[in-house]
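Colleague: Protein chains in written order, with our numbering: chain W, 1 to 208; chain D, 1 to 89.
Treat the hints loosely; a few may be bogus.
With a straight-line Cα cutoff of 16 Å, these simulated EDC-like cross-link-like pairs (lysine to aspartate or glutamate) come out [what the hints assert, rightly or not]: (1) D:Lys69 <-> W:Glu31; (2) W:Lys58 <-> D:Asp20; (3) W:Lys194 <-> W:Glu124; (4) W:Lys58 <-> D:Glu76; (5) D:Lys9 <-> D:Asp32; (6) W:Lys194 <-> W:Glu130; (7) W:Lys58 <-> D:Glu78; (8) W:Lys129 <-> W:Glu144; (9) W:Lys175 <-> D:Asp20; (10) D:Lys69 <-> W:Asp50; (11) W:Lys192 <-> D:Asp46; (12) W:Lys175 <-> W:Asp159; (13) W:Lys129 <-> D:Glu58; (14) D:Lys9 <-> W:Asp109; (15) W:Lys192 <-> W:Glu120; (16) D:Lys33 <-> D:Glu58; (17) W:Lys20 <-> D:Glu30; (18) W:Lys20 <-> D:Asp46; (19) W:Lys175 <-> D:Glu13.
Hint data in this document are derived by calculation from the structure and do not stem from the laboratory.
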Amino acid sequence: MPANPELEMEMIRRVTAGEKQLFHQLIRPCERGIYLLLFSMLRNQAEAEDAAQETAIKIYRNLHLYRGEAQFRTWAYSIARNEGLRRLRRVQNAREDSLDAMTEGESGDFTPAVLTSWREVPAEALERKELGALLREAIGGLPEIYRNVILLRDIQEMDVRETAGALEISEAAVKVRLHRARALLQRSLAPKLKGFAPGRKGLLGWWR
Amino acid sequence: MVAMRIDCKHVWEHISAYIDGEVEAELRAEIDKHLETCEICAAVLDSTRNVVVLLADERVFEIPAGYSKRLHERIEREIAQDDPSKPEP
């Protein structure tokens, strides 16, 4: 849902001029994305929530620094990302998913799972809890640099420019990472998703 | 220039951009032509697109219950602290 930048700028001006309660309204459209971005980085619900609160406070305190070059949402997500990185650095040594590994590598096999036909899995199939779990697990299994891009582009449905701004990387890097992330997801998910496609017998075949 | 027939690997390299409508017209036409006759690439494309569509569904990633309420309570405390005239709720 693209925000109206002029309305947003006006709201920010009013908050910084003293109408502080308006900040609740300003942050609301971003709060889901902030949480999900942090969860994708930290992979822990409680810590992601704590980091999201910290992010909201940092956004509030630094609101006077927002100049409107990027969308407010982009700016807010970049603050969330920095908060996530700060927390990851604290535990870096204990983590396998090291920050050093967050550069563009050529390593990795991005060839897709080869199929000869595909029956679409409809969104209604998400009523089945296993399907959601499968998707979350597949994303959780991606390297961090791909997880972030997928989260912003395909889950938050931000455009390439906004995603690049929030992650502080180039648009070209967003496209490369997105491509690889989708390839990795297709590879891990396609064979498992087949079972969720509607059966040939009728519309409700998937339900069984 | 004679259009070169593209192979499956070439198609796979552009699948993400193809889904996003970001490949140039000439290449798009080549890919479309390839897809008409290659059931493997058509299935790879459809399955990738299907994954992308499913991911955007809000049911996949849920926010913890009470997250928003707790967040706004925290913000409220910050605002109150910031503004000594307003007592903390």
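Colleague: Verify the proposed pairing of lysine 69 (chain D) with glutamate 31 (chain W), using a straight-line Cα cut of 16 Å.
Modeller: With Cα atoms ~11 Å apart, lysine 69 (chain D) and glutamate 31 (chain W) stay inside 16 Å; holds.
Colleague: Holds or violated: lysine 20 (chain W) with glutamate 30 (chain D), Cα cutoff 16 Å?
Modeller: violated (55 Å)
Colleague: Need the status of pair lysine 175 (chain W), aspartate 159 (chain W): alpha-carbon distance at most 16 Å?
Modeller: holds (11 Å)
Colleague: Is the straight-line distance between the alpha-carbon of lysine 194 (chain W) and that of glutamate 130 (chain W) 16 Å or less?
Modeller: OK: lysine 194 (chain W) and glutamate 130 (chain W) at ~13 Å, within 16 Å.
Colleague: Within 16 Å, alpha carbon to alpha carbon, are lysine 129 (chain W) and glutamate 144 (chain W)?
Modeller: violated (25 Å)
Colleague: Would you mind confirming whether the straight-line C-alpha gap from lysine 69 (chain D) to aspartate 50 (chain W) stays at or under 16 Å?
Modeller: Satisfied, since the Cα-Cα distance of roughly 13 Å is no more than 16 Å.
Colleague: Quickly compare the C-alpha distance for lysine 33 (chain D) and glutamate 58 (chain D) to 16 Å and report which way the hint goes.
Modeller: Violated: lysine 33 (chain D) and glutamate 58 (chain D) sit about 35 Å apart, past 16 Å.
Colleague: Please work out if lysine 194 (chain W) and glutamate 124 (chain W) have their alpha carbons no farther apart than 16 Å.
Modeller: The hint holds at about 15 Å.
Colleague: Taking 16 Å as the top limit, are the C-alpha atoms of lysine 175 (chain W) and aspartate 20 (chain D) close enough?
Modeller: Since the Cα atoms of lysine 175 (chain W) and aspartate 20 (chain D) sit roughly 10 Å apart, the hinted pair holds (cutoff 16 Å).
Colleague: Between lysine 58 (chain W) and glutamate 78 (chain D), does the CA-CA distance stay at or below 16 Å?
Modeller: holds (10 Å)
Colleague: Take the C-alpha atoms of lysine 20 (chain W) and aspartate 46 (chain D), compute the straight-line distance between them, and say whether it is at most 16 Å.
Modeller: violated (48 Å)
Colleague: Please verify whether lysine 129 (chain W) and glutamate 58 (chain D) have alpha carbons no more than 16 Å apart.
Modeller: The hint holds at about 13 Å.
In the structure shown, a violation is registered for the earlier hints numbered 2, 8, 16, 17, 18, in ascending order.
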